[in-house]
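Visitor: Hints given; two lone chains; assemble the complex.
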Amino acid sequence: MDFSFLAQQVINGISLGGLYGLIAVGYTLVYGILRLINFAHGDIMMIGCYFAFYGIFMFSLPWWASFLLAVILTAAAGILIDIGAYRPVRNAPRISALITAIGVSFLLENLGLVLFSGRPKAFYRPEFLSEIREIAGVRILDLNIWSFVLTLVLLGVILFIIHDTRTGRAMRCIAYDMETTKLMGVDVNRIIALTFAIGSAAAAAGGIMWAMRYPQINPLMGIIPGLKAFVAAVLGGIGNVTGAMLGGLLLGIIEILLVALRPDMAGYRDAIAFAILILILLFRPTGLMGQKLPD
Amino acid sequence: MDPHRKRNQALSLAAIAVVAAVLYFADSGASDYQIRILNNCAIFAALAVSYNLINGVTGQFSLGPNAFLAIGAYTSALLTMSPLEKELSFIIDPVIWPLNEIQTPFYVSLLAAGSVSALFGLLMGFPVFRVRGDYLAIVTLGFGEVVRVVANNTQSVTNGPLGLKGIEAHTDLWWTSGFALATVFFVGRLVRSSYGMALKAIRYDETAAEAIGINTFWHKMLAFIVSAFFAGIGGGLLAHLITTISPSLFTFFLTFNLLIIIVLGGLGSTTGAVLAALLVTWGGEALRFVEEPMQIGPLDIPGIPGMRMVIFSLLLVLMMIFARQGIMGTREFSWNAVFSGIRRLQRGPGKAK
Numbered sequence: 001m002d003f004s005f006l007a008q009q010v011i012n013g014i015s016l017g018g019l020y021g022l023i024a025v026g027y028t029l030v031y032g033i034l035r036l037i038n039f040a041h042g043d044i045m046m047i048g049c050y051f052a053f054y055g056i057f058m059f060s061l062p063w064w065a066s067f068l069l070a071v072i073l074t075a076a077a078g079i080l081i082d083i084g085a086y087r088p089v090r091n092a093p094r095i096s097a098l099i100t101a102i103g104v105s106f107l108l109e110n111l112g113l114v115l116f117s118g119r120p121k122a123f124y125r126p127e128f129l130s131e132i133r134e135i136a137g138v139r140i141l142d143l144n145i146w147s148f149v150l151t152l153v154l155l156g157v158i159l160f161i162i163h164d165t166r167t168g169r170a171m172r173c174i175a176y177d178m179e180t181t182k183l184m185g186v187d188v189n190r191i192i193a194l195t196f197a198i199g200s201a202a203a204a205a206g207g208i209m210w211a212m213r214y215p216q217i218n219p220l221m222g223i224i225p226g227l228k229a230f231v232a233a234v235l236g237g238i239g240n241v242t243g244a245m246l247g248g249l250l251l252g253i254i255e256i257l258l259v260a261l262r263p264d265m266a267g268y269r270d271a272i273a274f275a276i277l278i279l280i281l282l283f284r285p286t287g288l289m290g291q292k293l294p295d
Numbered sequence: 296m297d298p299h300r301k302r303n304q305a306l307s308l309a310a311i312a313v314v315a316a317v318l319y320f321a322d323s324g325a326s327d328y329q330i331r332i333l334n335n336c337a338i339f340a341a342l343a344v345s346y347n348l349i350n351g352v353t354g355q356f357s358l359g360p361n362a363f364l365a366i367g368a369y370t371s372a373l374l375t376m377s378p379l380e381k382e383l384s385f386i387i388d389p390v391i392w393p394l395n396e397i398q399t400p401f402y403v404s405l406l407a408a409g410s411v412s413a414l415f416g417l418l419m420g421f422p423v424f425r426v427r428g429d430y431l432a433i434v435t436l437g438f439g440e441v442v443r444v445v446a447n448n449t450q451s452v453t454n455g456p457l458g459l460k461g462i463e464a465h466t467d468l469w470w471t472s473g474f475a476l477a478t479v480f481f482v483g484r485l486v487r488s489s490y491g492m493a494l495k496a497i498r499y500d501e502t503a504a505e506a507i508g509i510n511t512f513w514h515k516m517l518a519f520i521v522s523a524f525f526a527g528i529g530g531g532l533l534a535h536l537i538t539t540i541s542p543s544l545f546t547f548f549l550t551f552n553l554l555i556i557i558v559l560g561g562l563g564s565t566t567g568a569v570l571a572a573l574l575v576t577w578g579g580e581a582l583r584f585v586e587e588p589m590q591i592g593p594l595d596i597p598g599i600p601g602m603r604m605v606i607f608s609l610l611l612v613l614m615m616i617f618a619r620q621g622i623m624g625t626r627e628f629s630w631n632a633v634f635s636g637i638r639r640l641q642r643g644p645g646k647a648k
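Protein chains in written order, with the working numbering: chain A, 1 to 295; chain B, 296 to 648.
If we strip away everything but chain B, and leave its shape as in the complex, we get (with noise of 0.2 Å):
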């Protein structure tokens, strides 16, 4: 049993008060684009922590949490939509029954997003799952472009390339905050609990793990369903913060985004992807002004878009090459390292130990 239990808890509870305090502050007094940054950071932290169960906790290289961010972002825009609003939107065919009918609270939509998401996790999972390693990634990847590609032709359904609209904005600072704060909870918990350890067992080696009586495949199962589960409120939640979405939305191009959170953070550690999340989403606002017109010195440089697609990727490849392990390698944050840390330096560098 760990002697600082007590005072390690006490400081996790100050610190969610310091950022509840935060947050309650920016809730009135920031502007919107900050506002917007805030809660991109939250689903994205979030997002990050459960794409992270599946890729560096379990180590099996999915490549399509985009297919679930989109299941869980239909699914809660149209059950919160009123009738109405689907019969105005679905200009070219109308929408089906039992959705031109009903209308959730909010919150119920984002429930029915997560399962809907672990459900369709469920049924991925058993093809996925007979293969490994990069074909596993292949596959995953097939699956997010066949998720989008149905989105796209099932005209009845999701209203096809047009997308819908007129969402109502309900996610607020409140509902991602806590989102992220309960799904890190809770990866926090499964990867603690012996699942977590079965979980890491097959990320080491996948064979030896059958081999001490893990059923690998329902563990792997395990950890794609809760990841899928946390992906489609996480997709519910960005459909309701950005009240527009159309399937060109739920791309490679948000998965690569969550690949480059997870490496940053270090594949396998849960604070780790939290913190990358926060660097990188803030990184990318940030780093706008590479993008915008520059003058250096006589030097007139015209704005080029697409630049910090360029220098994020970039960062991926270097990161690959010189630093593999993130920030956090696989270890996790604690106020016990923290605090040996600072008893290290207060020692002194030489006697470091």
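Same shape as in the complex, but just chain A (with noise of 0.2 Å):
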């Protein structure tokens, strides 16, 4: 096995994970307010996907356009989600906001498969973003470095929110301790929403980023990285965000390695996402950079 193999498996490790990370951020960043799991957080993926394909195709906007308002739709869903269905339940059992969380992502993907049609759709994919470029014999798709860029930047946009705005310190806030972030006069229910928008468009750039590398859609296809974008979130440490984007990249590269090393245990790849989750949880359930959880 020589280098330059080595190095393409883990340049495509790390623009698999990127968008991984991506996804878990959104998870991260609820969890750590809530300590719910938003189970539906891949099917919002998925929504912010068909608003992309939609505006393109149904509305002739330009791409760009499409996507800026697929990402601005999709936080105002995140929102619309978590007054319709969580708000209600934010004093119920932990339980009964998890069970509300899997209603909400199954009605997702099946109001998806009524309203879009199971049939996949093909997704539009630009065309200056289709070049693959060689640099010291690795090949690159155009849209990989794109994409891995513009995480990097959404990362930090992310992150510049949480520790330097008001916003973002009432959510820390919030994470710390919700009843008495209430007493300082915080309107919490705002700022809960407004965590579902962050996540949620972060979701939706992730899917779109996702969508035009195979490219392709349907209304399932938000189960599968949701699910890992998850496994990325406890890797990193849940409640992290820096964490859940290392989390992600790290998830990425271990998948591509084992398939490029392994072929023939390619068909246990989304077994791989679980099988980290379980040592996870049995050997560091505080991930690599999470704090000590409270319960």
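Hints listed in this document are in silico derivations from the structure and should not be mistaken for laboratory results. Quantities reported herein were computed from a predicted structural model and do not represent experimental measurements. Keep in mind that the hints are not guaranteed to be accurate.
Claimed, not checked - What follows is a set of in silico ranges between Cβ atoms, one per label pair, in the way DEER data are often shown:
no. : chain 1 : residue 1 : chain 2 : residue 2 : range
1   : A       : SER130    : B       : SER410    : 52 to 60 Å
2   : A       : ALA275    : B       : GLN398    : 30 to 38 Å
3   : B       : GLU580    : A       : PRO285    : 39 to 47 Å
4   : A       : MET265    : B       : ARG331    : 37 to 45 Å
5   : B       : ASP500    : A       : TYR176    : 21 to 29 Å
6   : A       : GLY118    : B       : THR449    : 26 to 34 Å
7   : B       : ARG484    : A       : TYR176    : 41 to 49 Å
8   : B       : THR449    : A       : TYR214    : 22 to 30 Å
9   : A       : LEU183    : B       : GLN590    : 57 to 65 Å
10  : B       : ARG331    : A       : ASP177    : 48 to 56 Å
11  : A       : ALA266    : B       : PRO393    : 24 to 32 Å
12  : B       : PHE512    : A       : GLU127    : 56 to 64 Å
13  : B       : ALA321    : A       : TYR124    : 50 to 58 Å
14  : A       : PRO62     : B       : PHE421    : 54 to 62 Å
Just so it is clear, CB atoms sit at the ideal spot from N, CA and C, and this is done for glycine as well.
Guide: So, in structure tokens, the structure goes:
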């Protein structure tokens, strides 16, 4: 095995893992604040892809306008889901919230099947992203370079919001102690809705890049990336945004390397994430960068 | 001691006799479609009761019953299929020894299905019960996925994505209803025993349960293994009912169906689980019309496949928001409650107490 082969696989892993990471950010934000596994997160990502799809093919928007609009609409959808489904169960036992999230996930998937039909649809990929360039013997699709750059930019924006704005400070306070934050005069419901908006927007951005990679979409496309992004979030330490990104990258690299080095194991690809999850929960439940969880 | 114990037992036996009579006539008179629904009702009632033992009674939110169903279905199917049949269906890789030589009667295969599934429950329990709450949910969900992926890839044991075809249709109304009855009886007894008390204590407050000397790990394990045992047998019955199984049958979707049932029945109520299983299975059939083309006045609505699942998932969300207790909450059906209800009605609403 030569170096360029290995480098190629690591690059492939990073470009896949960056997307896992971006989707994982939404999981980790919501979990950090509400201690809720938002099962529907992968399906919110799917909704984002369909917004982008219909923006181009039904309303003939230019691709960048459609993608931007899709991200904004998905953020709005995230807020709606929070207000409609999660806010009413906020003071219920945590398991009820989890069941609600599973229900929302199935609702979105099946609504998708009913509204968009189960047949996969071809997704648009701008011409200039389809070029393959070769750097030091490693072949990279332009799309993957731009995706990764954009992912890092979005991560930077999200980190800025969390650490350097008043909204972000309120988010961190809620994660620490929701009741006290309420007493300090923070509109907790508004901040949580905003958190859902940010997480959903990140999912939509990740989803659109995911869709351009393959390039097709279907109503069940969110399940597997959603589950893997959750594993990435746990791997990085749930509640920690940088950790989620690192977890995503690590998961992507491990997956690609295993398939490249042991092609006979390729069928087990989707099981690796869960094997990692189980091992992490057994030996290092706080993940790579997480603090000790209460509970 | 309950003064009405004799009466209640007599009523229960009478109810069983009535159900048996109905089944007897259904067995000879009903259409295949109706019998199929009855079979599904009975299997899902038993599966819901066993799933409810771990999720409702013990409060450990497992999302992996599809794994046990898959294990049970494959175990029993591989045992009842004849060696020749196996040789014919395993076209990519031949089936491994000793599966290529043995063939057992149906009841042996069901017992094996339950036992193998329970054994997997035991093995899974060690990592699963190191975590709690929503992490436990995700880990069990993960195991469900892993079992499905493994079934897809172990060509020489499960025949991979091709699945197993031509399983003999051994399952009939008597098997399914007998299994449902046995499950309700056994799980019901377990819940009312001192073990059951301990399981409920774990549901209410695990730390407190530990503090009063309950070995929470092994009690949770007990519930998990019993649940896995019955789920395994249920899987075996299911395999011999539909006669064709493949890994794609045992996705999270199956777990979702069971989850709706036990939430509707009330997490923690055995009789609620039975009631909800009947309602959901029957309701799923009754709702078929929403997926067919309809004509409302001048409007022509084309058939919308998938609409039923939209309704069911909406139902789950709405229940969580407005009726978290489900039909029965954690209560159980009892004849005493029925009689006191009747007495209350006779006395009139004004004096009800």
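Visitor: Look at the Cβ atoms of ASP500/B and TYR176/A and judge whether their distance stays inside 21 to 29 Å.
Guide: holds, 25 Å
Visitor: Taking the CB of GLY118/A and the CB of THR449/B, does the distance hold inside 26 to 34 Å?
Guide: This hint holds: roughly 28 Å between Cβ atoms.
Visitor: Quick one: are PRO62/A and PHE421/B within 54 to 62 Å, going by C-beta?
Guide: Given a distance of about 55 Å, which is inside 54 to 62 Å, the answer is holds.
Visitor: Is the hinted range of 22 to 30 Å satisfied by the C-beta distance from THR449/B to TYR214/A?
Guide: holds, 28 Å
Visitor: Assuming the hint says 37 to 45 Å, is it satisfied by the Cβ distance from MET265/A to ARG331/B or not?
Guide: holds, 40 Å
Visitor: Could you see if the CB distance from ARG484/B to TYR176/A stays within 41 to 49 Å?
Guide: holds, 47 Å
Visitor: Do the Cβ positions of ALA266/A and PRO393/B conform to the proposed distance bound of 24 to 32 Å?
Guide: holds, 29 Å
Visitor: Is the gap between the beta carbons of LEU183/A and GLN590/B within 57 to 65 Å?
Guide: Given range 57 to 65 Å: holds, Cβ gap about 58 Å.
Visitor: Given a hint of 30 to 38 Å, does the C-beta separation of ALA275/A and GLN398/B actually sit inside it?
Guide: With Cβ atoms ~34 Å apart, the hint holds.
Visitor: Within 39 to 47 Å or not, the Cβ separation of GLU580/B and PRO285/A?
Guide: holds, 44 Å
Visitor: Kindly confirm whether 48 to 56 Å is satisfied by the beta carbon distance between ARG331/B and ASP177/A.
Guide: Given a distance of about 54 Å, which is inside 48 to 56 Å, the answer is holds.
Visitor: Is the distance from the Cβ of PHE512/B to the Cβ of GLU127/A consistent with 56 to 64 Å?
Guide: Since the Cβ atoms of PHE512/B and GLU127/A sit about 59 Å apart, the hinted range of 56 to 64 Å holds.
The structure meets every hint from the earlier list without exception.
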